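Undergrad: Here is how the chains run, residue by residue.
4 protein chains.
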Amino acid sequence: MKKIALLGSGFISNFYAVSLLGQRRKDKIHVVCSVPEESAREFASRWNIPKYTSSMKEAVDDPETEVVVIGLPNYLHKEAILLACAAGKHVLCTKPLAMNASDAKEILDAVEAAGIFHGYLEDLVYTPKTLKTIEMIQNGALGRILWTRSREAHPGPHSAWFWDKKLSGGGALVDMGCHCIEIGRSFIGKEVKPMEVMCWADTQVKPIEAEDHAIALIRYETGAISQVEVSWNFRGGMDLRDEVSGTEGTVRLDHWLRTGFEVFTTGMTDKYVSEKTESDNGWLFPVGDEVHALGYPDMLTDMLDSLEQDRQPRETFYDGYVVNAIMDACYKSASTKKWEPVELAVWRGKESMTADARLPEYDELHFLLKKEKMADGNTRVMLKEKASGKIIEKIIPG
Amino acid sequence: MKKIALLGSGFISNFYAVSLLGQRRKDKIHVVCSVPEESAREFASRWNIPKYTSSMKEAVDDPETEVVVIGLPNYLHKEAILLACAAGKHVLCTKPLAMNASDAKEILDAVEAAGIFHGYLEDLVYTPKTLKTIEMIQNGALGRILWTRSREAHPGPHSAWFWDKKLSGGGALVDMGCHCIEIGRSFIGKEVKPMEVMCWADTQVKPIEAEDHAIALIRYETGAISQVEVSWNFRGGMDLRDEVSGTEGTVRLDHWLRTGFEVFTTGMTDKYVSEKTESDNGWLFPVGDEVHALGYPDMLTDMLDSLEQDRQPRETFYDGYVVNAIMDACYKSASTKKWEPVELAVWRGKESMTADARLPEYDELHFLLKKEKMADGNTRVMLKEKASGKIIEKIIPG
Amino acid sequence: MKKIALLGSGFISNFYAVSLLGQRRKDKIHVVCSVPEESAREFASRWNIPKYTSSMKEAVDDPETEVVVIGLPNYLHKEAILLACAAGKHVLCTKPLAMNASDAKEILDAVEAAGIFHGYLEDLVYTPKTLKTIEMIQNGALGRILWTRSREAHPGPHSAWFWDKKLSGGGALVDMGCHCIEIGRSFIGKEVKPMEVMCWADTQVKPIEAEDHAIALIRYETGAISQVEVSWNFRGGMDLRDEVSGTEGTVRLDHWLRTGFEVFTTGMTDKYVSEKTESDNGWLFPVGDEVHALGYPDMLTDMLDSLEQDRQPRETFYDGYVVNAIMDACYKSASTKKWEPVELAVWRGKESMTADARLPEYDELHFLLKKEKMADGNTRVMLKEKASGKIIEKIIPG
Amino acid sequence: MKKIALLGSGFISNFYAVSLLGQRRKDKIHVVCSVPEESAREFASRWNIPKYTSSMKEAVDDPETEVVVIGLPNYLHKEAILLACAAGKHVLCTKPLAMNASDAKEILDAVEAAGIFHGYLEDLVYTPKTLKTIEMIQNGALGRILWTRSREAHPGPHSAWFWDKKLSGGGALVDMGCHCIEIGRSFIGKEVKPMEVMCWADTQVKPIEAEDHAIALIRYETGAISQVEVSWNFRGGMDLRDEVSGTEGTVRLDHWLRTGFEVFTTGMTDKYVSEKTESDNGWLFPVGDEVHALGYPDMLTDMLDSLEQDRQPRETFYDGYVVNAIMDACYKSASTKKWEPVELAVWRGKESMTADARLPEYDELHFLLKKEKMADGNTRVMLKEKASGKIIEKIIPG
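Protein chains in written order, with the numbering used here: chain A, 1 to 398; chain B, 1001 to 1398; chain C, 2001 to 2398; chain D, 3001 to 3398.
In short, the hints are calculated from the structure, not lab data.
Possibly wrong hints are sitting among the right ones.
[Claimed, not checked] Below, a sample of chain B positions facing chain C; criterion: calculated Cβ distance under 7 Å:
hint : residue
1    : ALA1160
2    : LYS1332
3    : ALA1334
4    : SER1335
5    : LYS1337
6    : LEU1359
7    : PRO1360
8    : LYS1384
9    : ILE1391
[To be verified] Chain A residues, not near chain B, derived (Cβ > 12 Å throughout):
hint : residue
10   : SER168
11   : THR316
12   : ASP328
Note that the structure is a prediction, hence the values are computed from the model and not measured.
Every residue gets a Cβ at the ideal spot worked out from N, C-alpha and C, and that includes glycine.
So that you can see chain A by itself, here it is in the shape it has in the complex:
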C-alpha cells in the first residue's frame, strides 16, 4: 500500500481517483492539491481524501507522501517533477511528459539523478485490447510489422488551457498525438529506433493559434511506418481506433464508437441518458466502463505493482522523452514541409536494425509471392523465378 499525493483535480484526476479508490484497491490518496483551493477541497470531499492544499510543495513534501501523481496541465509538469526530485518522492506523470524534448530531457536527467521511481502515465497503451494486441504481436501472430495507424479525434478538449499554446505546448498533436505515437511504438517494438518524420498540421476550424488537425508519418529503422491522425474537428463523439499490419496478419481496434454497445432512443425522457456522445437521441454508442476501456486501472496497477516489486513499469519517463522528441520533429516538419530526423540525445533501444525481408520458398526454382483461391475453384500463385528474377503466374487446378 502506497500513500499518494495527487496534484490536480480536473478531468484526468477524476479518472485516477476512480481507478485508485473506486474499486476497493489498496493504495490511498492522502492529499490532493489544486488551485484554487476550493476545487481541492471539493475534490477531497467527493473522494473522502483527508487533506487538501493549493500548494504543490506542501503536498509533495508532506511526510506521508510516498508517490506523487501529476494530473496537471502540461506547463506545470516540469515544476512538479522537480519538486518530487528535491523531496526524493516517487513520481507518476500524465502524458505528455513535457512541452518539448529539451524539457523532457531535463526532467529525465533529474529523476535519474534523484534515483526515484518514475512512471509515464500513457493510459492508452494499457487498454485491455492494446495490451492483448501487443502480446499477440510478440507471439508472432502478425509476422514482421509493416504499418500502424492510430487515430484520436473528437470535437475539441474540455478545458480552456488546452486551447492556449503557451500552456499546452501545442494543439491536437501535443494533446493526442503523444498517445498515437506511443501506441505505434508499442506495436512496432519499443526497441526499434524512430528515424524520421513527415507531418502536416493545420488550423482548419477552431479560432486558435495551435493546430486543430494533424497527420504524421513516422519511419522506423526496420522500414515500418507509423501513421498518426489527430483532430479536434471530428463530429460524432470520440473516434479512438488503432490498426496494425504485418507480413502475416492485421489487427483493428475500436475503443469507443463501435464496441458492441448500440442504443437507439427517441430521447422522449427528461433524464440524462449517456455521456460523451454528441447527441442524446437517435443511435448512441456508449462505453460500458469508460475508465477501464481507456486503460486507467491496468496502468495504475502496473505502476504501483512495479514500484512495490522494484521493477521498471511498461512506460517510463524515457518513453515520455522519446515521444516528445518525435513530436518536436513533427512540428519542425509541419513547418519545413520536409521529412525531418528524430533527434534523440540518448537512444536505449537496438541499433542498426534492418527489415528481415526474406521471401518464402515455393520450390527450388521459385519464391512464393501470393496465393489466391479463385471463384472457379482453382488456385492462382504468383512466383518469382530465382534465377531470372522474373515474375510469373501459375494456375493450380483446385
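Here the structure of chain A is known, so what remains is to put chains B, C and D in place on it, guided by the hints.
TA: Relative to chain A, chains B, C and D alone:
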C-alpha cells in the same frame, strides 16, 4: 477486508481468484477446498492461498472463514449452502442456485432462517455493458419495455459433469438459460412478475440425455416478452448477445464476438495466439479483458461492498429461486408442448401490473400512430380518429 | 422482352418500376392499374408508361399484356389472379400470396388448371446476401442446419390498409412473417417438411385489432427449428437480420442497419439527408442501393428469365401456399397456446426425413464431442466412450 | 442500344461482361479482342459474343463498333485510345487513364480533337455507398469537408503485368491510388483544385522494383486534406474503406470486409465456399454481389446513358488526367521527400477558393467553439470572446 473460503478449484473458481486477487483488492482467500485434494493444493499454490483441504465442512467451519464462495458443480450447491447456514457464515453461490425450484426454495428458507448474507453470483448481469443498459432503462431511455432477447451459445461446456443431467440438473438451459432469464428480468424490471413460459428444447447433436439447444419465451405481467436462446451446438466461438426494445428505443449488446477487436493471422507462428476461438488462424475476435467483460470484478465488488455496508446486493438467493422456478416451467412446457405458468410460492415484487398503453396525442381529434420522413421530403403520419377508431394516413409537405 | 400490366401504384409498385425500368432492362410496363384512376395516371406519367386505368380487368385483358404483376393490397390478390387465369396471362404476385391457406390453395389450383406461369414475389429470398448464403449452405459450408432466425421489425407499415385485419388478413405476422418463414425454409431446404408451429402474438402498443408483435418457432422434419420475429413496435429504423447455424458453421446477415455505411450529421442543413431512418441527425445508417439490398432486381430477373427459358422460378405460388399454411398454424397456436401442426393438403417435398446425427469418430473406442484449445496451450477434448456411453474429458498437451 | 468492341479478356473485362450482359441489359458486346487469340475465342464463347480477334485495330474499326471499351493493361491504353480517335469511335477506358500525366494529356487532347465521347472507368466512385455519400455531402450533411481517407489494400494483384513497372507505370500507387485519389476528389468536390502532395512509398515485402505500399496526403485549395493508403502487403482479404469528415459530420464506408455478411465455417466440406478471402475456414466475410458492390453496373449505366442522352458522364478523361497529374506529384514527392505541387496544364474547376471558416455565433459577445453534455447533466460550452480573442469555458446547468 473479508476472509473467504473458496469451494471449488475449476474454471469458475479461477475467474473468482483473478477478480479477487489479481487486481490488488482487499479481500483474501485464506482456504480453498476441492476434490481430489491434489487439485486444491495446486490451486492454493497457484494463487498463494495459505490453506487447502478436500473437506467442505472443514473449509466452511474454519474459524477464519467469514464468507463462503461456492464455485462447485450444481449438485453440490445445496449441501455447501446448508453447511454455511449451520456455521453461520455468509455465502455467495454460483449460478444456478439449485437443481430445481423446490431445492432453491429450501435453500432460500435456510439462509433466511440462519440470518446470513447471501449473494447470487450471476455474473452476466454485472457486465459493464449490462449495468449501463439497466441504468439507461431506469432513466427512461427505452420507454416501456416490450421485448428482450438474450442469447448464449457455444460448442459445449468445458467439464464432463455438465453433460450429465444427474449432476447438473439439465442441459444447455440449466447451464446458460439461467443467465438469459436473469438478464431479461433485469431489463424488464425485477419487480415485474413472470407469468407463463413456452419452451422448445431438443437434443440435436450431442449424444446426451439432456437438451443441447433450447428456446424459451417468458411472458411478464406487463405484457413484455422475454426471449431466451441457448445452444451447445453453435460453431464460431462464444455467441453472447443481448437485445432489449421498448416503446422509445432499443439496445443491442455484443459481449464477445464483435467488440471492436478484430485480428487476422495466417497462423504462421508456433506460439499460442488467442483463446476461446474455434480456430487459430484467419479472422479471430479476441476479448481484451475476459474477466471484466464477463462481469466478475463488478459482481464481487458489489457482493463484498454490500456485505460491509449491510445492504442487499443486486442479486440475492431470492433471485436465484425465481430463476429456478422459471426454468422448471420451461422444462414442463418443453414436455407438455403448451404454455405453462411460473409457480412462485413467494412473490416479492409488485402485483397486478398492466401495460401502460396510452397513445400519444396528435391533435384534438386524433392519436398519433407513426411518423416517417419519406424520400420526397414529405412526412407521412398514420393517425387514429378518436371518435371512429378509424386509421388514416396523412401527408405533411416537408 | 415481355409486356407487363402492373396492378397497383403504391410503395411496392414503385420498387418494381425502379427494378424493371430504372436500370435499362428489356421488359416494358405498358399499362398500370390503380384506384383512384388519378393515382394510376400519376404513376404512368412518372414512369413513362403508355396506358393507365382503374379497371383490373381492362389491364389484364389488354391484348398487349403478357405478364400481370400484382402489387396490390392482400385482399385483392385472389381476384386479380383469377382474372389472369381467365385471360390466360402469366402472373407474378406480391407476398403474401393470400389471406389464408384456403384461399392460397384455391389460387394455386386455379393457376395450375389455367397452365400459366406463376411467380411468388418474395423479394427477401433474393437479396444478394441471402442468395449467396443459400449457395454456401448447399455447398455444405454449414453442415446440417439446426437453427434459423429471421427478424423483421420497424415502427409500423406505410399504408392504412395494412392496419385493418379485414384488408390484410392479419397484422405484423402476415405483413412480415411471410418473409421470415420463407427465408427460414430456404436455409433449411425447401424439400424439408414444416411439421408444427408455436407462436406468440400480441397487440402491445398499436391501437389495432391485429397483432403488432409476434414470435414463432417452426419445427421441421429434420429437427431443425426456425425462429421468426416480427414487430411493428421497433424503434431505430428497419431491423432486417437473418442468422442460420449448422453443425459446421454459422452465418449472420444484416441487410439494413449495419452494412458498412455509417454517417454522423449534426443536421445543420435544411435539405433532405437520408431515408428510412427515424431521425435525421446523429448517427444514421443509410443503405447504398435500397432496391438492390432488398432483392427486387434479382427477383424480377429470375422471374422473367424463367418465363423466357420455360423453367420454374425460385419462388412459385406453391411456396406462397406453404407460407400461408404455416401462418395459419401460427395464428391457431397463438390462440390455443399449444404447438399446432402445419396442415398441408399437398406436399411436394421429401417425406420421412430424419436428422443425420452421427457423431464424428475420435478413435476406435470413442466419439468426439468437442475440442478446445485452452489458454495454457493445451487442447481439451470431450469424448464419449462407445461401450459405456460415458462422457470423459482428456487433456492433450499442446 | 449500343454495339461494343471489348478490348481485353482478363479480370476486369469479365466484370464488364457480367455488368453489361449478365443482367439482361440493352447493350451488346459484338466483338472481343485479346492476345493470344485463344483467350479471345474462349471469352467470346463464354459470353456468347459473335466475333473475336487478336487485332485491336480490327476490333475498333469493325463497322458495327460504336463504342470501344478498354480493359487492357495500362501500357496499352494510349495505343487503343488513339485507334478509337482515328476511327471516330466513342471510347471508355479502365483506370488509370495513362502511365503518367504527360501521356494522359496527349490522350485527352486526342479525344477532344476527335470529338468522340470519352468515359473514364473509375468504378469505385460509382459504388452505391459512394454515390449516396456524394449526394449527402452535396446536400450539406457534412458541412465543409476537412478530411478524406481512402484505403485499398490486399495481398497483391492477380496478373503478372501489374508487378512490372514498365507495363503498369508503377506499383500499388498506380494500381489502386488512382481509385483513392478520385474518391477523395469526389468527396471534397471536383471543382476544388488539388494544390500539393506529400507521399511516402516503399517496397517493404515484395521482390519488385515498384512500391508495394504507399501513403499520400493531397492538400486542396480549400485546405481540405485527402489521405490515400494503398498496400499490396495487407493480409486478411481486401481492405476497401473510405472516410470523410466535415465541420458538421462524418461518414465511414466499408465496401468489402464488414458489410453485414459474416460466416463461420469449420471447412469440413470439399466444395468451394467463398471467394477473395485468404482462408476458407474460420470467420469469412463474403460480399453478396461483388460486381454491384464495386460499382460496375452503375458506372456502365451512367456511361451508356450519358452517351445516348448526349451529356457528360460523371467521370471523363479529364478526370483521368487530373488523377495522373496527382500521381506524378506523389512519385516526385516520394523521391524528393518534400511536398510537391500538382502540375495541371489545364484546370477546369474553380479558382481561388478559400476555406469558409466563419465561427458560429454564441451570443453578441462570443463565438461558440464546442458544446458538450457532461455526465452530471450540465452542459459545458467553450466560447471565444469576440473582443479579446480569449477562450473561456462556461457551465450551463442541465
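Undergrad: Decide, hint by hint, whether the structure agrees.
TA: Hints, one by one, checked against the model:
no. : hint    : verdict
1   : ALA1160 : holds (5 Å)
2   : LYS1332 : violated (13 Å)
3   : ALA1334 : violated (11 Å)
4   : SER1335 : violated (12 Å)
5   : LYS1337 : holds (5 Å)
6   : LEU1359 : holds (6 Å)
7   : PRO1360 : violated (11 Å)
8   : LYS1384 : holds (5 Å)
9   : ILE1391 : holds (5 Å)
10  : SER168  : holds (29 Å)
11  : THR316  : holds (20 Å)
12  : ASP328  : holds (32 Å)
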